[in-house]
Amino acid sequence: MPQLLIELFSEEIPARMQAGAARDLERMASERLKAAGLTWEALTTYAGPRRLTLVVEGLPAATPDRSEELKGPKASAPEQALDGFLRKTGLTRDQLSERDGVLYAVIEQKGRATADLIPEMVEGIIRNFPWPKSMRWGDGTLTWVRPLKRIVCLFDGKVVPFAVEGIQSGDVTEGHRFMGSGHPLTVRSFEDYRKQLEDNFVLLDQADRKVRIVEGARAVCHAQNLEMIDDDGLLEEVSGLAERPTPILGEMDPSFLDLPPEVIRLSMKTHQKYFAVAAPPSNPASQASVPPEGGQTDSVSPPSGGSTREAGEGGKSVRALAPHFVVVANVEATDGGRALAAGNSRVLSARLNDARFFWDEDRKVGFETWLKKLEGVTFHARLGTMAERVERIAALAREIAPLVGADPDQTETAARLAKGDLASGMVGEFPELQGIMGGYYARALDLPTLASLRSAVPPHEGEGESARDPLPPLHGEGPRGGAERGWGSVERDAIADAIRDHYKPQGPADTVPTAPLTVAVALADKLDTLVGFFAIDEKPTGSKDPFALRRAALGAIRIVLENNVRVSLDGLFDLARPGADPWGFAWPGLELHRFFVERLKVILRDSGARHDLVDAVVETMKDTEGLGDDDLVRIVRRVEALDAFLATDDGANLLAGYRRASNILKAEEKKGPLPVGAVATGQPNQPEAETALAFAAEAARGRVERALETEDFAAAMTALAGLRAPVDAFFTDVMVNSEVPAERENRLKLLGQVRAVMGRVADFGQVAG
Amino acid sequence: MKQTEPLAFQDLILTLHRYWGDQGCAILQPYDIEVGAGTLHPATVLRALGKKPWKAAYVQPSRRPGDGRYGENPNRLQHYYQYQVILKPNPDDLQDLYLNSLKAIGIDPKLHDIRFVEDDWENPTVGAWGLGWEVWCDGMEVTQFTYFQGVGGIEVDVVSGELTYGLERLAMYVQGVDNVYDLKFTKEGVTYGEVFLENERQQSQANFHGYDVEGLKRRFEDMVGEVERLLAMRGPQDQALVLPAYDQVLKASHLFNLMDARGAIAVAERQSYIGRIRDLCKACALAWVEQERAAA
Numbered sequence: 001m002p003q004l005l006i007e008l009f010s011e012e013i014p015a016r017m018q019a020g021a022a023r024d025l026e027r028m029a030s031e032r033l034k035a036a037g038l039t040w041e042a043l044t045t046y047a048g049p050r051r052l053t054l055v056v057e058g059l060p061a062a063t064p065d066r067s068e069e070l071k072g073p074k075a076s077a078p079e080q081a082l083d084g085f086l087r088k089t090g091l092t093r094d095q096l097s098e099r100d101g102v103l104y105a106v107i108e109q110k111g112r113a114t115a116d117l118i119p120e121m122v123e124g125i126i127r128n129f130p131w132p133k134s135m136r137w138g139d140g141t142l143t144w145v146r147p148l149k150r151i152v153c154l155f156d157g158k159v160v161p162f163a164v165e166g167i168q169s170g171d172v173t174e175g176h177r178f179m180g181s182g183h184p185l186t187v188r189s190f191e192d193y194r195k196q197l198e199d200n201f202v203l204l205d206q207a208d209r210k211v212r213i214v215e216g217a218r219a220v221c222h223a224q225n226l227e228m229i230d231d232d233g234l235l236e237e238v239s240g241l242a243e244r245p246t247p248i249l250g251e252m253d254p255s256f257l258d259l260p261p262e263v264i265r266l267s268m269k270t271h272q273k274y275f276a277v278a279a280p281p282s283n284p285a286s287q288a289s290v291p292p293e294g295g296q297t298d299s300v301s302p303p304s305g306g307s308t309r310e311a312g313e314g315g316k317s318v319r320a321l322a323p324h325f326v327v328v329a330n331v332e333a334t335d336g337g338r339a340l341a342a343g344n345s346r347v348l349s350a351r352l353n354d355a356r357f358f359w360d361e362d363r364k365v366g367f368e369t370w371l372k373k374l375e376g377v378t379f380h381a382r383l384g385t386m387a388e389r390v391e392r393i394a395a396l397a398r399e400i401a402p403l404v405g406a407d408p409d410q411t412e413t414a415a416r417l418a419k420g421d422l423a424s425g426m427v428g429e430f431p432e433l434q435g436i437m438g439g440y441y442a443r444a445l446d447l448p449t450l451a452s453l454r455s456a457v458p459p460h461e462g463e464g465e466s467a468r469d470p471l472p473p474l475h476g477e478g479p480r481g482g483a484e485r486g487w488g489s490v491e492r493d494a495i496a497d498a499i500r501d502h503y504k505p506q507g508p509a510d511t512v513p514t515a516p517l518t519v520a521v522a523l524a525d526k527l528d529t530l531v532g533f534f535a536i537d538e539k540p541t542g543s544k545d546p547f548a549l550r551r552a553a554l555g556a557i558r559i560v561l562e563n564n565v566r567v568s569l570d571g572l573f574d575l576a577r578p579g580a581d582p583w584g585f586a587w588p589g590l591e592l593h594r595f596f597v598e599r600l601k602v603i604l605r606d607s608g609a610r611h612d613l614v615d616a617v618v619e620t621m622k623d624t625e626g627l628g629d630d631d632l633v634r635i636v637r638r639v640e641a642l643d644a645f646l647a648t649d650d651g652a653n654l655l656a657g658y659r660r661a662s663n664i665l666k667a668e669e670k671k672g673p674l675p676v677g678a679v680a681t682g683q684p685n686q687p688e689a690e691t692a693l694a695f696a697a698e699a700a701r702g703r704v705e706r707a708l709e710t711e712d713f714a715a716a717m718t719a720l721a722g723l724r725a726p727v728d729a730f731f732t733d734v735m736v737n738s739e740v741p742a743e744r745e746n747r748l749k750l751l752g753q754v755r756a757v758m759g760r761v762a763d764f765g766q767v768a769g
Numbered sequence: 001m002k003q004t005e006p007l008a009f010q011d012l013i014l015t016l017h018r019y020w021g022d023q024g025c026a027i028l029q030p031y032d033i034e035v036g037a038g039t040l041h042p043a044t045v046l047r048a049l050g051k052k053p054w055k056a057a058y059v060q061p062s063r064r065p066g067d068g069r070y071g072e073n074p075n076r077l078q079h080y081y082q083y084q085v086i087l088k089p090n091p092d093d094l095q096d097l098y099l100n101s102l103k104a105i106g107i108d109p110k111l112h113d114i115r116f117v118e119d120d121w122e123n124p125t126v127g128a129w130g131l132g133w134e135v136w137c138d139g140m141e142v143t144q145f146t147y148f149q150g151v152g153g154i155e156v157d158v159v160s161g162e163l164t165y166g167l168e169r170l171a172m173y174v175q176g177v178d179n180v181y182d183l184k185f186t187k188e189g190v191t192y193g194e195v196f197l198e199n200e201r202q203q204s205q206a207n208f209h210g211y212d213v214e215g216l217k218r219r220f221e222d223m224v225g226e227v228e229r230l231l232a233m234r235g236p237q238d239q240a241l242v243l244p245a246y247d248q249v250l251k252a253s254h255l256f257n258l259m260d261a262r263g264a265i266a267v268a269e270r271q272s273y274i275g276r277i278r279d280l281c282k283a284c285a286l287a288w289v290e291q292e293r294a295a296a
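Protein chains in written order, with full-length UniProt numbering: chain A, 1 to 769; chain B, 1 to 296.
Check the hints yourself; a few may be wrong.
Chain A regions said to be covered by chain B (calculated; three or more residues, Cβ under 8 Å) [unchecked claim]:
1) 137–143
2) 329–339
3) 348–358
4) 374–381
Derived DSBU-like pairs: lysine-lysine, alpha-carbon spacing no greater than 35 Å straight-line [claimed, not checked]:
5) A:LYS149 - B:LYS55
6) A:LYS273 - A:LYS544
7) A:LYS133 - B:LYS251
8) B:LYS110 - A:LYS210
9) A:LYS133 - B:LYS110
10) A:LYS373 - B:LYS217
11) A:LYS210 - A:LYS133
Hints are computed from structural coordinates only; laboratory data are not their basis. Idealized CB from N, CA, C, for every residue including glycine.
Isolated chain B, as found in the complex (with noise of 0.2 Å):
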């Protein structure tokens, strides 16, 4: 397939939208919850554990409050774009039917160089791993390819493939501009400056300087409180409610996230904390498993 004009950054979800569409995939919308990276949204997190099978592809926005540059680098964002495709099983063509989506975005492997680079993905706040690749596309990381083998501390029953696209890298690079805010948003020419130049700007001098310390910590506490009264309550099914404390858990990591970047982690710290929000998510993760076999 060949692109006679570069795909704008919306059309490019589109056509991933439309390409994992075909393969089956459900095409969910971003989890309303600030959440670290795209496989924290439920529809991955949750899912990827039982044996159910389970397909589906959504962008989700990415908080990473500590790599906010006020706007002023051309590369990193403290809110960005991760598209995301979780396939369980992983069917057996999962290397071809993703290098098929790169095409289907304008990325000719013959042209371009197309690597993967061994990467053990490990994610520890929510106790996951997997073993697979970064993919590269002419020295650059576009994606993270993934089989999990663990989430919540849990070894899955099936493997899930993965893939995390790194939207605004890909629009970078099939647009062939150096800069983030310089991408056009819509084939008309709206740039992604303008959408959200001013958004990292704010958000970057709250994330580092704004938020007060003392109250993300309070409010931190609070949410592992919430976890732990909601996965003890039971719903009109008699089911533990994994779905809303697993919520306050997702806000629970991005609390802990901000104030990380506010600097008030000292480093003994930090194990503590991610062990904390790491056990709240086996927890979640546990009583998911649970409710699945007891439904079966």
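For reference, chain A alone in the conformation it holds in the complex (with noise of 0.2 Å):
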């Protein structure tokens, strides 16, 4: 069966769209030799720096035939019909055919050649190919993702002659462009194709180019008895950068291992792409330390001999870098890398000179310097400058501090400090580093106490209306201790954690802050983002969130949930209200009270939970506005208990019998109010399932508002479960509509009843299912 190769060859492709053109040239393949009536065995597409390719084996070569049969007019139908039949399907009347007094036509459809339907197909795929980013080239006005040079179209071995906007389809590629021979190579199959590639240097599959760098790459770290850190995000970049891709050990100045480690592999990985290497366990060559770090795509591989030593910053086992890089060249160098890897050397050391030249001036500048320049900072032209900010947030952290049992004076510190390193040289620099460097300088740094910080705090520009007390209310009165002498070790560390980790977690993959600190100033820096931004109503909406506000959200929620934190939402919103209304608009807490809510139910969601039940649970403890329980731990325990009481027997009859209590009193309700008052028992002719039910409703109100008073829903949903026999009684016994009037009444007030003790554990209506 009949092979198709096609290989689009054009200037380097971005790395980071390699893998995505790949998948996009198999679908658009796919769909098109499928719409054209075509069947194969396999399609397989590649994707380098400068070529796509797909391969496609066992095609037919041809379309199958087709016949159609055509209905026409009646046998008796006037000539004019016949006439127009005729001329539509180009036939005579001597080869239609008759059936039940009515005419066919059977239109045959010759098969078409394959290789007829392949320009047609590659020149679709190329007008519409989806890049991320396409331009122009010359004077023309083709769009491609660089210019595209060349098309190789072979089926079965033979040229599909077509042109795309003057590029004629042919049989000729290149190899690599400094290694390979030079001249334009002829090929004449897949196979053919991949064999000369790979003698002119080129690997044509990212997976036999990652092999080679992961092998080559462990293997020039070995010979020196190292280890290189594996990185699957820089391996697939720097697979998609090299044809040919050659790793080579570098060599970096050992005196810039005093950087911090971040420094060092930031410049590595972002400027440079290399692979950051490490010392063996055995060979403590260096004084930084490599932190496991918590994005997605770096992988520390855990030390072999086990000796990770703690470092100063948090207590993560950590291990040594070494003095080294692996860069990987797209070239076999004539002088096996020397030149090459002194190069790329040189160009390391300019970079680290750089940090280098930042980290030696910010600790010679420090954070007064830093606070004092943010005061020129706006953080969004509506919510004034980040200096504005770190007021808010600082006093914001001081009143969240007792509530995570952290100390007032400490938290309030580390959140002044906390934007400092916006203001500094290395940050401006590597924005990446915002928080890790601020730790850095907080530990290198002699700190600034609590009291020199707030009166440094300049009197608020602007006076008028939006004028404030330009100090934080606090409790009680000044800093003492070390917020006025200067902090010890201990919470020097503290501080330093806080302001490092304040801006976590930065995603689903992140980790939460523990540290009752850390936790204060990280939730403090995300209240007031959140109720900023709703309050000049810069909400999200769709897709766009521009200022990331559902993942702060989410984040606060994170961080409330994790470490227990005990508040209601209003309460903490209430906390991050400024004294006077700065921004003039209305206040935001009860959007802000529902967008909480609804993130609540993603993460509830997404670890499993029913989110019917987090609306079941919120619909009670309503306020006077009508919001229910917004305390978010509280919740969560209540979606638990309320799910597993659901999973029970009495459990689930309970909720059908709520459900005809509930359908009764509905229908009832549209006549009018239902009647109110106390039950009815031990009437005469009265019902023994009627006062039985009566009983146990009072009994199980007092045994819910005992639970709940303690927070224990456990028992809330076990005083519900003795509900379960006598409602279910009650139903079968008991006729609620009586022509008694007054029986009628006293039937739908202790139905009314029970639906009000339900009520107070959860709203049962909201159950979905």
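Given two chains presented individually in distinct reference frames, assemble the corresponding complex, making use of the accompanying hints.
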């Protein structure tokens, strides 16, 4: 069966687009082949720095013949009708057949040669290819990711001739840009193509390039008793940057190892695309350390010798960086890579010199100057400067501190310092290091005392309506102890940790801070963002969330839940509410409340919980605004208890009973107000089941109230479970719609009471299914 | 081509001039107004617009006040040179032409690692954008290679290929020097430091601490006014005075960079300043295109 080979050869394709391009090519080719009525045995695509390749095995030489029967007029129809049918089908009268007095035409459609279908297919793919960004070149109008140079199109070993905007298809490709023969390569089949490319130093398949990189990098490291630090994201990228990837070990001036390892690794990875190298555990070659990263792409393999050591910062297990790197070159240099490695070393030195300049300069400058600078930095045109934001976060963090068991003075200090590094040179150069650098600087520099941080607050600018007291509200008197004299090393570490980690969690995969100080500052940071942007009506809509407010809310909720912070949402929002509204907008507490509840549902749904149970739970305990329970920790516990209850036999049956009662009551409510008041018991002729339910409801109410008071939600469920048998018996034995009005009224009162007592636990009407 | 001895800084320039001159480029001289990038030379920004073919190459000093390091950093300068080539429309073999220029200055791609790394180039102050690459030599970005897609906020009629070589970096590479000030400027041994070190010291001080911010702001506003006035005037052939107006845009842009280095631009103001410069640039671009159309 014939084979189709297509190569679209262009100038260098961005590495990050290659994998997607291979998938798009596969999809577009399959769709078009299928639409043409073709079948195939295997379809494979490849993407690399300069080429997209498609090979389809086992295509037929032609599409199958098709015949189609068309129904025509009746044999007895007038002449014009027959003429019309003959014109339409292109047949003559004697070619038609007759069945049951009706004429039929059979149209035979010959299959088309597959080769004839290919040009249109390829042109369609080229013109409609969904590159994330494409461009024009020269004076043409065709667009491609970079200039498209050549098209190989072979079907069954023969060129399928066509042209797209002057680019003629053919059987010619070329090898490696620098190592290849330099002559065009004429190819006859996919196997021949792949072989000739390999002979000319091109690895067609990204998987092969990855293997070559990993094996080569490990080999050059092991030869020096070093270990490459794996990085899948970087591997993906560099395997798209070289047709003949060749790992080479380079040396770094060991004196750079006194820089923070994050700085070295970021420089290596983002600027130079080098793999970092770790010293083996037995060889403590350096002072610097490699903290495991929270990111999705990096993975630091655990040290084999177990000689990890505690870092000064945060007690994470770390391993030492070696003064080396692995660069993945695109050539096997004629000198074995010596010149190339030396060149790369020089470039890295230049980068790290720059980083060292910032590291040294920043440590001469320090937090006071940075915080002063933040006065001139706008956070958002309508939300004031970063310095004003710092004031708000500091006040808020201080309020949150007692809720999470953090020392208010330490918390306020950390919060006042947390944004300082944004004005540092290093973070200006590497924004990804925000927080991390602040943590380092807090450990390396003399920390200002809280008193001096406060007194550095400038008189509030822009007098008038929005002027606020420049000092945050304080509990009790001014700062004492360390806040005035300076912090000891334990406090300093806690403050530095809080500065470093207060942006966490930065995504679903990121960890949630647990140190009390960090929790307070991280929560304050997120709440200030949310309150501010909601106040100026910059709420997320649909897919638009430019200020990442959903992420901020998710982060805040995870911090509250995972640390068991007991506080009502409205309580939190009120803490974040500025004394006098500096923004002049309506207080968005209500919208924030709803936003958080929605986010909570997302979290619970993602963790496998039933989000209808969240509705059932938050619909209770309503306040005057109509808002229900807003203690996140309690909501989750109640959802869990409710979920467990509904899974029991009692729960499921009681739910059915509830629905029955509720339907009756709803129907009655349409007619007029429901009867209220005490339920009569022990009446003459009163069915026993009615009296029993009345007592059971009364007993359950007491037990539910007591259970709710102690937040023993399992006990509340148990109390409700006691209603199941009386409710069932009531509906079996008692007719609610009695002809005696007093009986009917009493029974409606009773059902109302059952609904009310159950409603104290959850709104069972919200439970789905 | 085998270099027995690495090229001196000036010989690097002369070699590139000879090479691109042989490719039919007009070899221009630097523009006499401070610019932050060689692209801003009117021979690139304005000539990239319209349909007329154009080939030029020139050296352009680049002024980046905020990048000054008082002559103390071996790699950062507030004044350095870019070698700029523009070919309109871009020839099909522009990559090969470029690689041959590297060979001409002594970089052997079989010995060194030359890579084309994605770079979506954008210059927001002149509303220009394009797709292309940073060209890396052994991990160092030595050239920006761009296919212009838009200039002055206008989509281009014909795509120009633009090459911007970082001359000091290339020379450091070719000469194997770690400190820019140690570069041989001439074969006879005048160093780059002898020519420029004192300039870096003085200019850095002035950029970061010297200039009067209020004066800069006032002059910025003056320049903005001039652009508007000049564009409204008509020349002897009834044309708008695009070229002098564009000069004032360049001056305004440099004044903005000086204010920025002085730390006088708040984050919130930055966008507004850049937006104003871009709008002026766009007005010049539109007037230029209009003129070419009228003349055709």
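Outcome of the hint check:
1. Coverage of the region 137–143 of chain A by chain B holds [criterion: at least 3 residues with CB-CB distance below 8 Å; count 3].
2. Check result for the region 329–339 of chain A against chain B: holds, 7 residues qualifying (beta carbon to beta carbon below 8 Å, three or more required).
3. With 6 residues carrying a beta carbon less than 8 Å from a beta carbon of chain B, the region 348–358 of chain A meets the three-residue requirement, and the given coverage holds.
4. With 4 residues having a beta carbon nearer than 8 Å to a beta carbon of chain B, the region 374–381 of chain A meets the requirement of three or more and the stated coverage holds.
5. Annotation: proposed proximity of A:LYS149 to B:LYS55 holds, straight-line Cα distance about 22 Å (limit 35 Å).
6. For a cut-off of 35 Å, the pair hint linking A:LYS273 to A:LYS544 stands: about 32 Å separates their Cα positions.
7. Proximity of A:LYS133 to B:LYS251 is assessed by CA-CA distance (about 33 Å); at most 35 Å being required, the pair is judged to hold.
8. For a cut-off of 35 Å, the pair hint linking B:LYS110 to A:LYS210 stands: about 22 Å separates their Cα positions.
9. Restraint check for A:LYS133 and B:LYS110: the C-alpha separation of about 31 Å stays at or below 35 Å, so the hint holds.
10. As the CA atoms of A:LYS373 and B:LYS217 are separated by approximately 20 Å, the hinted pair is consistent with the 35 Å bound.
11. Simply put, A:LYS210 and A:LYS133 have alpha-carbon atoms about 25 Å apart, close enough for the 35 Å limit, and the pair holds.
In the structure shown, no violation is registered for any of the earlier numbered hints.
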